[in-house]
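Participant: Sequence:
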Amino acid sequence: MALLTNLLNIPIYLVVIIHIYIVFLEMYLWDTSYGRKAFNLTAQLSADTRVLAANQGLYNGFLAAGLIWGLYEGGVMGTKIELFFLSCVLVAGVFGACTSTIKTLYIQTAPAVVAMGVLLVWG
Numbered sequence: 001m002a003l004l005t006n007l008l009n010i011p012i013y014l015v016v017i018i019h020i021y022i023v024f025l026e027m028y029l030w031d032t033s034y035g036r037k038a039f040n041l042t043a044q045l046s047a048d049t050r051v052l053a054a055n056q057g058l059y060n061g062f063l064a065a066g067l068i069w070g071l072y073e074g075g076v077m078g079t080k081i082e083l084f085f086l087s088c089v090l091v092a093g094v095f096g097a098c099t100s101t102i103k104t105l106y107i108q109t110a111p112a113v114v115a116m117g118v119l120l121v122w123g
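Going left to right, the sequence shown walks through residues 1 to 123 as the working numbering numbers them.
Please note that the accuracy of each hint is not assured.
[Stated by the list, open to error] What follows is a list of derived Cβ distance ranges for each label pair:
no.: 1; residue 1: Lys103; residue 2: Val51; range: 21 to 29 angstroms
no.: 2; residue 1: Tyr13; residue 2: Leu45; range: 27 to 35 angstroms
no.: 3; residue 1: Cys88; residue 2: Lys37; range: 25 to 33 angstroms
For the record, the hints were derived by calculation from the structure and aren't laboratory data. Idealized CB from N, CA, C, for every residue including glycine.
Could you build the full structure based on these sequences and the hints that come with them?
Facilitator: And the structure:
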């Protein structure tokens with residue numbers, strides 16, 4: 001049973017890893033050539049929006065922390081926590097796709113939808 005639970009958690013771990021990566025991009029790499037390339041920004045725009053991006057990164061960190069909490073909690077309560085935070089990721093991804101770039105649907109929303117589907121069907 002533990003092996004099955006660990007396998008079913010893989011999509012959630014993936015969402016956590018994606019969000020930790022986003023945290024580093026937005027909080028620490030935003031105003032670097034790597035960050036500018038990732039977000040298609042000019043040097044001026046990345047410099048002007050650095051503080052806003054760091055704030056965004058912090059919120060993405062909260063999403064990752066919430067999912068880690070759900071994984072740690074386990075059981076029915078853990079599943080509820082995971083579903084809540086995956087729902088937040090889904091909404092954030094859709095909002096990002098509507099207001100920024102469609103890539104957000106593939107990078108943020110799709111993995112969350114897969115993880116939610118796995119939880120709802122097999123969790």
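Participant: So which of the earlier hints does this model not fit?
Facilitator: Result: no hint breaks.
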